[in-house]
Amino acid sequence: MRLSAVPAALCLACLAAAALLADRVWAAGAVAAFMLALVCRAPRRRRRLYVIAALTSGLGVLLLSPLFANVGFDVLWSGPTLPVLGTLDVTTEELRIAALNALRLIAVALAFAAYALLLDHDRLLASVGLIRRSALAAAIATRLLPTLERDAAGLLEAVRGRGVAVEGVRGRALLVSPLVAGSLERALSLAEAMEVRGFGRPGRTRVPRAPWSWTDKLAVTCAALLVTGGALWL
Amino acid sequence: MALGPLVEVEGLAFVYPRTAVPALEGISVQIELGEKVALLGPSGSGKSTLLRALAGLVPHFHGGRFSGRVTIDGRDTRRTRPAELAGTTAMVFQDPEDQVVMTSVWNEVAFGLENVGTPTAEIPARVNAALGAVDALQLAERRAIELSSGELQRICLASALALSPRLLLVDEPTSQLDVEVAESFLDALTGLDATVVLSEQRIGRALELAERVLFVEGSRLLLDAPVVEAVEWLADHRPDFLPGAEATLGPVAEGETLLALAGVSFSYGDHIVLDGAEIELRAGEVVALEGRNGSGKTTLARIAAGLLQPAAGDVQRNGTVCYLAQDPGRYLVRERADEEVALAVGGDLERARRALARVGLEWAASRHPRDLSSGERERLALAAVSVSEPRILILDEPTRGIDPPRKRELSDWLLGYVDEGNAALVVTHDETFPAHRRVRLGVPEAARV
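Protein chains in written order, with the numbering used here: chain C, 1 to 234; chain G, 1 to 449.
Fair warning: there could be bad hints in the mix.
Claimed, not checked - Okay, the calculated beta carbon distance ranges per label pair:
| hint | chain 1 | residue 1 | chain 2 | residue 2 | range |
| --- | --- | --- | --- | --- | --- |
| 1 | C | L188 | G | R292 | 14 to 22 Å |
| 2 | C | R96 | G | P119 | 55 to 63 Å |
| 3 | G | V252 | C | A181 | 35 to 43 Å |
| 4 | G | G360 | C | S65 | 55 to 63 Å |
| 5 | G | E409 | C | L174 | 27 to 35 Å |
| 6 | C | V166 | G | R75 | 47 to 55 Å |
| 7 | G | G347 | C | N70 | 46 to 54 Å |
| 8 | C | R133 | G | E146 | 25 to 33 Å |
To be verified - Reference listing, derived: stretches of chain C covered by chain G, where coverage requires no fewer than 3 residues with Cβ under 8 Å from a Cβ of chain G:
| hint | segment |
| --- | --- |
| 9 | 113-123 |
| 10 | 151-161 |
| 11 | 212-220 |
Claimed, not checked - Just a few of them, taken from the derived set where beta-carbon distance is under 10 Å, the chain G residues facing chain C:
| hint | residue |
| --- | --- |
| 12 | G11 |
| 13 | R52 |
| 14 | E183 |
| 15 | L186 |
| 16 | L324 |
In short, the hints are calculated from the structure, not lab data. Where is the CB? At the ideal position from N, CA and C, for every residue including glycine.
All chains should be modelled from the sequences, with the hints used to inform the complete structure.
Quick look at the structure:
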């Protein structure tokens with residue numbers, strides 16, 4: 001089944017909303033698992049960074065938030081008392097909340113990954129009229145993410161090629177500033193190319209748009225029902 | 001549509017903001033509809049600025065001090081913004097990565113047509129015609145991110161052609177492309193009805209395509225002549241700019257082996273790139289590593305430099321190795337040129353300045369690398385890899401996009417470098433680049449489709 005861009009984006013937004021509204025761990029987990037399966041349809045090299053970022057963030061929430069929360073009475077582990085933070089302990093309720101929040105975060109992050117990796121941003125852009133400039137900026141930013149990845153790898157290789165070791169987070173952090181400078185340089189060149197192709201000129205037209213198919217309509221209806229379900233029962 | 005020449009430039013002078021040196025001075029030229037003009041000259045001479053002035057980007061996009069007059073199809077560029085000139089003019093820039101806006105190829109070509117207000121019903125036919133004109137119809141549904149640089153640059157040309165411009169400005173479009181891809185791109189420019197002004201460092205091809213030559217140097221127009229006269233003028237005054245013959249130097253006396261790769265194999269996932277590749281590099285020699293696109297030249301160079309580990313095979317290095325990647329000017333990391341070079345020698349600025357002097361950049365020691373021109377950045381990157389005086393220097397396509405005098409300087413420098421008992425492996429498509437040996441890499445059987 002292949003959805004048009006707008007229904008696909010709406011479905012992703014609805015799934016992310018359902019995960020945020022869900023109050024049961026299994027429900028948020030089901031949405032996160034579905035999202036992961038969806039993202040796995042993208043090429044392995046491109047999806048790797050997104051999946052790692054989403055899972056690492058979720059794991060961070062799962063591991064850290066029970067230590068700092070103060071909910072519940074069923075204490076599973078009691079740790080030392082620290083200044084400012086107080087006593088570190090973990091309760092069953094804190095673990096449940098941490099798992100729920102972690103799965104929500106993973107689901108939302110993977111929804112963004114699916115948006116970035118699988119959607120046709122051009123068709124999405126063609127469907128928004130009033131906020132076209134903002135949508136175009138978002139589409140370009142998304143398109144340039146792989147270029148940014150490639151530039152980061154190029155910088156790393158350029159420095160290593162000179163026989164200079166780049167190790168650890170600190171070593172890589174030194175490359176952030178040139179990476180940003182390079183991105184700004186690319187942005188200027190792109191703006192120049194857009195201007196010369198008439199961007200910003202009054203009286204623009206649009207390529208013809210295909211109407212929504214029955215699968216598009218069905219998918220959006222199901223997604224809307226899922227959000228309602230998430231709010232009421234999940 | 002105005003009567004008279006399509007392009008009229010009178011006494012054009014331009015200075016970029018925050019600089020004192022003019023980028024253009026006293027340029028006057030007229031170009032008729034349908035003419036094919038080659039715009040030649042060294043890097044940093046003002047060719048790109050002149051093309052930007054013809055597109056209206058100078059002064060509207062860049063600011064700066066502008067004097068004189070540029071008229072395109074009767075419209076004065078001081079009063080007409082580049083976006084308003086779109087359709088009359090179209091431009092293809094050097095780096096395809098920096099000019100693609102949309103995600104899919106078809107929409108990319110349609111982008112300009114939408115902007116200039118082409119009637120909706122006409123857009124599909126014009127997009128398909130433009131893609132067909134550059135032999136890229138089969139790419140229409142692909143995502144831009146999946147395309148090679150050569151394919152992407154053809155899409156950029158299709159995007160320009162879709163606008164049916166009267167004036168097509170092309171700024172070193174092949175500087176990021178391999179030779180075969182560059183040839184096919186330049187072929188697509190032949191037979192166009194539009195006026196074409198082509199800035200290009202592949203001089204031979206530019207002269208074949210053009211009827212007339214403009215030669216710019218030091219911000220001034222030195223020559224405006226038909227091709228035959230221009231070739232005579234170049235032979236007398238700028239012989240470096242005439243196409244050279246294949247340059248293989250005599251073999252060197254057998255020195256010690258500095259680098260030996262035997263039976264090296266490598267694959268990216270299921271895609272086999274190298275299958276039992278072998279190469280040997282001896283002290284005192286420059287070896288040119290050639291091969292078609294996809295033959296694994298860059299992969300072999302990276303394995304030789306220790307940046308990749310082979311899946312199988314043996315790599316022996318007898319001395320330090322440094323590697324200069326493709327498009328090195330983009331990958332500079334420090335705020336000052338001397339600090340950039342000093343990075344490889346533990347911050348030794350004295351040594352860095354000596355390395356800068358060797359590539360003619362002593363004056364740029366305190367400048368920000370990104371303030372330098374593209375040619376100067378390439379030389380800075382060369383200083384940055386050679387400052388530690390490695391015994392083995394590996395350069396990946398070092399001549400791509402650089403002008404002929406710079407290419408000669410690079411080869412002279414490299415021959416001097418290997419004369420001191422070092423060795424260089426140069427990945428190149430450029431048959432005129434001098435080398436003691438030329439090694440050609442074939443595409444592995446398993447990688448052939």
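Results for each hint:
1. C:L188 with G:R292: 14 to 22 Å: violated (34 Å)
2. C:R96 with G:P119: 55 to 63 Å: Holds - the Cβ-Cβ distance for C:R96 and G:P119, about 60 Å, lies within 55 to 63 Å.
3. G:V252 with C:A181: 35 to 43 Å: holds (42 Å)
4. G:G360 with C:S65: 55 to 63 Å: holds (59 Å)
5. G:E409 with C:L174: 27 to 35 Å: Given a distance of about 31 Å, which is inside 27 to 35 Å, the answer is holds.
6. C:V166 with G:R75: 47 to 55 Å: holds (51 Å)
7. G:G347 with C:N70: 46 to 54 Å: holds (50 Å)
8. C:R133 with G:E146: 25 to 33 Å: The hint (25 to 33 Å, Cβ to Cβ) holds, given that C:R133 and G:E146 are roughly 26 Å apart.
9. 113-123: holds (count 4)
10. 151-161: holds (count 8)
11. 212-220: violated (count 0)
12. G11: Since chain C brings no Cβ nearer than about 24 Å to G:G11, farther than 10 Å, the hint is violated.
13. R52: holds (8 Å)
14. E183: At 24 Å from the nearest chain C Cβ, G:E183 fails the 10 Å test, so the hint is violated.
15. L186: violated (20 Å)
16. L324: Holds, about 7 Å.
Violated hints, listed in ascending order, are 1, 11, 12, 14, 15; each of the other numbered hints is respected by the structure.
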